[in-house]
Amino acid sequence: MEFFIEKAILLNGFACILFVILIFFFLAKDGLALFKFVTIQDFLFGTLWNPLAEPPQFGILPLFLGSLIVTLGATIISVPLGMACAIFIGEIAPRWMRETLKAGVELLAAIPSIVIGFIGMTMLGPVVKNLFHLPTGLTALTGALALAFMAIPTIVSIMEDAISSVPRIYKEGSLALGATHWQTIYRVIIPAASSGIVAAVMLGIGRVIGETMAVMMLTGNASVIPKTILAPVRTMTATIAAEMGETVRGSEHYFALFALGLVLFVITFFINLVADAALHRKQK
Amino acid sequence: MQTKRLFKGMMMAFGIFCVGILPVHAKEKMIQIKGSDTIVNLSQAWAEEFMTEKPNVSIAVTGGGSGTGIAALINGTTDIANSSRKIKKKELDDAQKGGYYPEEFKVAVDALAVIVNPANSVKELTIDQLSGIFTGKITNWNEVGGKNEKILVLSRDRNSGTHMYFLEQVLRKGNEKGPEQFAPSVLMLPSSEAIINETSTSESAIGYDGLGYVSAKVKTLAVAKKNGDAFVLPSKETAMNKSYPIWRFLYMYTGFKPRGEIKAFIDFVLSGKGQKIVDAMDFVPLGEK
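One line per chain: the protein sequences are D and F, in this order. In terms of the numbering used here, the first sequence opens at residue 1 and continues consecutively. In terms of the numbering used here, the second sequence opens at residue 1 and continues consecutively.
Hints in this document: simulated from the structure, not taken from any laboratory.
Pair by pair, the computed Cβ-Cβ distance ranges are:
id, chain 1, residue 1, chain 2, residue 2, range
1, F, GLU237, D, PHE25, 47 to 57 angstroms
2, F, GLU28, D, LEU44, 46 to 56 angstroms
3, D, LEU18, F, THR139, 51 to 61 angstroms
Chain D is nowhere near these chain F residues, computed Cβ spacing over 12 angstroms in every case:
id, residue
4, GLU103
5, GLU124
6, ASP128
7, GLU143
8, ALA230
9, PHE249
Backbone N, C-alpha and C fix where the C-beta goes; we use that ideal spot for every residue, glycine too.
Put together the whole structure using the sequences plus the hints.
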């Protein structure tokens, strides 16, 4: 009996890896087919995304920069907030409050992204529009704010784990040497938990860059190279989601969307790799 | 011991499942419909009415876009593909390679309304002016008789058959392979509702939407085909008598010449009763077109 269960678990483990590899090959097969029609330079550095033109233009630079600016914005907003929240939960909050707060933050992760997108469209958009006197509230900033919301639960829960797994003796030693609680937090605990903190940030970024529904509803999807965070942008994920439904299968446009997926896959793969490396450094 | 009992239980459950499912399969006829999101609700309405008339037929309607629907037809995973555009040459070739000979049916007419914020003083535009605005040649409302304000241009995204239609018939003025493109600065919104929402809150916005989606929160513009032509407001009547210039057919495609239940369904769609449903769903019936 035990033998079968062990084998079944082993098989499941291998199946997961196999799926990732299969997905990668599937993406690569259709994605790389694009380069029979377009050069890699034109694809990566072209500034015009016009898949329905004759001949079509597949420059992903505006889309890449769109994803970048939204992700950067969301990271800048969510990391300090998430970090403050994690430190409060892990170090400062009394025990009863800690459990409630943790559960609350994790509940935030359970909100479907389309709901966040909808709330963002009806509440956040008008606020951004009126605050900055813009012609429209659908901007990179609106998307970044909504995505920050979605990244915070990931960041807080991993960071809080890292902070509370710092050995007690570090803290006690620091306090015994006469450091205040605050000094202990930022001179001892944060450096000791730094690898976990880096991992939390990277996984938060991974969450943000792959998000589709909310950004599609909130960023306006204009494929211009963004000059400010208050301009509408079009992200890579939203482009795939928005265009896949109407493409002709096996057309250049279809391959271009797979190539875009491949770019996203490579980016998230590296982000995860960095997060993983950070976590492993901690264990040494 | 326990695993044996579990196994027995599973076999029994499977047996019951089989017995339960078999007679249903033997009796019911399934029709799969897939494709354009524009036509999803309309198809659902047709399907519901048809199923009450013929309870032994069940129809499953899914969206996903015209391209998805036609791809499913080519793969043999749907019986009928809904499309808001004509099938492309490449898709037709692919279908024939797979042994399918798609048949085309025009099932309804959809008029597109050009909409602005109610506070906008502009009432009418020509197709030329619309093309200029959406391609980015005209960027200020004062160039078309409005106040001095930058135009915020809204479009449906490229997943929408509406986008394609507007591109070919308005931006390119009917020349399907023309060089005109949506300006990069055009906002691409994911739904009809998002366009209405944005137009109603932004005074400088212009957008387009299926006539059925237009609400009192926005103002529809009268459109003239050429300079000097009369400006016509979109309505079911003006779309049916062709005086309003921006309208298109909606299509259904079958993999083969339809037979049996599929033929009955298509006949129902094209019948007076089916076309009455078109009208009730705020699309334009085929009429004499």
